[in-house]
Amino acid sequence: MRVGQLSRDTFRTLLTGSGLRVKAGPFNLSIQTRLPHLINQLHQMYAHYSLVNDTEIVEFHVRVISRRSIRRPFARLIQFEVDSRSPFPPVPAEQALATLEWGINLAIAMRINHLLLFHSAAVERNGHVLLLPAWPGSGKTTLCTALIHRDYRLFSDEFGLMDPQSGEFLPLPRLMPLKNQSIGVIRDHFPEAILGPEIPGTLKGTVAHVRPPQESSERADETAKPRWIVFPKWSVGAAVRLEPLPRSEAFLLLASNAFNYEVLGETAFGAVTSLVRNCECRKLVYSDFDSALKALDELTDG
Amino acid sequence: MVDTRADHHRLLLEAIVQPTSLTGYDNRQWELLLRLARRARLSGYLAAKLEKDGLLDDIPMRAANLLRSSLIQARKQQQSVSWELNRVMWALGEHEIPVIVLKGMAYLLQDLPNAPGRMFADLDLLVPKEDLGQIESSLLKKGWRHHALTSYDEHYYREWSHEIPALVHPERNVEVDVHHTLSSPLGKLKINPLPFREAAVKVNDAGVYVLSPEDMVLHCAVNLFQNNELADDLRHLLDFHEMMLFFSSQQPFFQQKLIERANQLGLGNPLFYSLYFSRLLLRSAIPEDLEKQLDRQPGWFAQRVMHHCVPLALLPQHPDHPSRMAGYARVWLYWRSHWLRMPLYRLLPHLAYKFYLSVFPARAETSKQK
Numbered sequence: 001m002r003v004g005q006l007s008r009d010t011f012r013t014l015l016t017g018s019g020l021r022v023k024a025g026p027f028n029l030s031i032q033t034r035l036p037h038l039i040n041q042l043h044q045m046y047a048h049y050s051l052v053n054d055t056e057i058v059e060f061h062v063r064v065i066s067r068r069s070i071r072r073p074f075a076r077l078i079q080f081e082v083d084s085r086s087p088f089p090p091v092p093a094e095q096a097l098a099t100l101e102w103g104i105n106l107a108i109a110m111r112i113n114h115l116l117l118f119h120s121a122a123v124e125r126n127g128h129v130l131l132l133p134a135w136p137g138s139g140k141t142t143l144c145t146a147l148i149h150r151d152y153r154l155f156s157d158e159f160g161l162m163d164p165q166s167g168e169f170l171p172l173p174r175l176m177p178l179k180n181q182s183i184g185v186i187r188d189h190f191p192e193a194i195l196g197p198e199i200p201g202t203l204k205g206t207v208a209h210v211r212p213p214q215e216s217s218e219r220a221d222e223t224a225k226p227r228w229i230v231f232p233k234w235s236v237g238a239a240v241r242l243e244p245l246p247r248s249e250a251f252l253l254l255a256s257n258a259f260n261y262e263v264l265g266e267t268a269f270g271a272v273t274s275l276v277r278n279c280e281c282r283k284l285v286y287s288d289f290d291s292a293l294k295a296l297d298e299l300t301d302g
Numbered sequence: 001m002v003d004t005r006a007d008h009h010r011l012l013l014e015a016i017v018q019p020t021s022l023t024g025y026d027n028r029q030w031e032l033l034l035r036l037a038r039r040a041r042l043s044g045y046l047a048a049k050l051e052k053d054g055l056l057d058d059i060p061m062r063a064a065n066l067l068r069s070s071l072i073q074a075r076k077q078q079q080s081v082s083w084e085l086n087r088v089m090w091a092l093g094e095h096e097i098p099v100i101v102l103k104g105m106a107y108l109l110q111d112l113p114n115a116p117g118r119m120f121a122d123l124d125l126l127v128p129k130e131d132l133g134q135i136e137s138s139l140l141k142k143g144w145r146h147h148a149l150t151s152y153d154e155h156y157y158r159e160w161s162h163e164i165p166a167l168v169h170p171e172r173n174v175e176v177d178v179h180h181t182l183s184s185p186l187g188k189l190k191i192n193p194l195p196f197r198e199a200a201v202k203v204n205d206a207g208v209y210v211l212s213p214e215d216m217v218l219h220c221a222v223n224l225f226q227n228n229e230l231a232d233d234l235r236h237l238l239d240f241h242e243m244m245l246f247f248s249s250q251q252p253f254f255q256q257k258l259i260e261r262a263n264q265l266g267l268g269n270p271l272f273y274s275l276y277f278s279r280l281l282l283r284s285a286i287p288e289d290l291e292k293q294l295d296r297q298p299g300w301f302a303q304r305v306m307h308h309c310v311p312l313a314l315l316p317q318h319p320d321h322p323s324r325m326a327g328y329a330r331v332w333l334y335w336r337s338h339w340l341r342m343p344l345y346r347l348l349p350h351l352a353y354k355f356y357l358s359v360f361p362a363r364a365e366t367s368k369q370k
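Which chain is which? The protein sequence lines are A and B, in order.
If you use our numbering, the first sequence corresponds to residues 1 to 302, in order.
If you use our numbering, the second sequence corresponds to residues 1 to 370, in order.
Because the hints were derived from the structure by calculation, they are not lab data.
The beta carbon of each residue, even a glycine, is placed where N, CA and C say it ideally should be.
Errors might be hidden in some of the hints.
Listed next, the stretches of chain A that the computed footprint assigns to chain B, with coverage defined by at least 3 CB atoms under 8 Å from CB atoms of chain B [as the list claims (entries may be wrong)]:
1) 58-65
2) 111-121
3) 253-265
Isolated chain A (complex conformation) (with noise of 0.2 Å):
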């Protein structure tokens, strides 16, 4: 069952009380918030998730809260917590539904071991994947987005998630946030895309979540090898470019980037070695999504 398929009552509650159960990937998560305008938008953004069983062990339990300061006696503020620890500060109440999506990638981030966890996009096509890893100015949320309403698969726009074991990468499909001239981009081009409120004054500026493709939540079953690995550059008025990028070049981007390499040891420079051998790996400089998706559509037609 579907969080769309609740009528609005049940959905708020089960936020309000035991907690709503979705799943998100390999992971499951359960949701706990009060707060009216925040159940309104995950009714709407979540639509898509589906429901975990009741007898099913959910690993993240997070909680968006309203909180009082002393100091700002006046001022409608919200918290995050992950089993009653809160690693951010309050934020005004208008910013729940990015700290509650920035909250639940750093529960990931600082858990999750079993897996290797690549800073990169990744969306599949034609049965592969294609990674996306972020590197500064890489713009790979806005790509990512870009992809996903040209029929691939999304993956994830942050979490490229690969078990070191069988290689296998693992959908994650989460709501991406846009961040300031990248939504009106999208907007622009992607009229079909479903955006959420635009949130000011974040500490990455204004940011607009995209809600997944229908497709994509119901197949995050179902893993992929990766196939190729582009490093994309956003630069104002070049040429598309897709060139070939040294395995070892890749190899020290992946790695670096990737935030649990360290922790991972021995494992995940095997896992990143085999990688990077088994992938084609190259690097795009693009400046209109036209022509980069079509350079992307030629690299991974075969």
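Fit chain B to the known structure of chain A by using the hints.
Only chain B this time, still in chain A's reference frame:
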């Protein structure tokens, strides 16, 4: 009533005392247990036990994944702290200052049964007070730095604490805590570090020592019932329990020697409580009346109060239904730990200042030193 009867406490304690019983847990019990174990920082310990018994594949996959994740993290922490010790010994090399390693890293060096999967991020060292200046300047010269401290904190450490402000090498971020004694010099219980240093056991030729078995157990007891605030501190009681079992099985008269050592050093009170609660909560196989041989024992009334309060603080709260009683018990034990560490005329201004900072954290910034 003692809250060991609360279902969630029984669930956690049973898992620790009898890890093989975990294969019979249903998913709901697992979900709660995983949350409690994380709060108590015991998930790495549980994972190590299950792995040793080859049971990690016999439990639900989601539980196994989380436990494996914790174990991987614990191993990484242990590797980092081991390497930090290596670097500290390198930095001190030419001065040949003997260093006694305490707590987590000492358990690891001695391969004690509580070491596998144990989470710890700091390296704790005990050195002679007269060598403190030399050690601090050697480490600072080789790249370690103090965290930015407020002038108040700096003063607190230098004048009233049993350690100097933590040193951290910016490339590795492992905290090195250098102690010159084992509890606050202002505290009611005066501990002379000299007998501890004299009995220390050499680990290797690089000048690394650990406390003798009796002293290691006593230090654990002192930390629990003298230095710490006890909230969510079950893992330290578990250290005590595991070490008691291990050393008792290694040396026939260990328990007798431990009592004698505690009497000699005047550490009856903390050892009394550790023996008592380790038997009460972890069912340690310790003779019923062992602690009755201690010269110093807490009074009848203190024992009753502690009997009710300590389990409520040591054991984690139910994550969805925190108990108010446990909240009160924790506040009281917080006060107790400070009361034991400082005379009232120091304690009240200290707590008032900490409260002030909790309301106005920005004020701490303004007094920050370079």
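Tested hints:
1. Using a Cβ-Cβ cut-off of 8 Å, 3 residues of the region 58-65 of chain A lie near chain B, which meets the minimum of three, so the contact claim holds.
2. Beta-carbon proximity to chain B at under 8 Å applies to 4 residues in the region 111-121 of chain A; the threshold of 3 is reached and the given coverage holds.
3. With a threshold of 8 Å between beta carbons, the proposed coverage of the region 253-265 of chain A by chain B holds, since 4 of its residues qualify and at least three are required.
The structure fails none of the hints (numbered hints given earlier).
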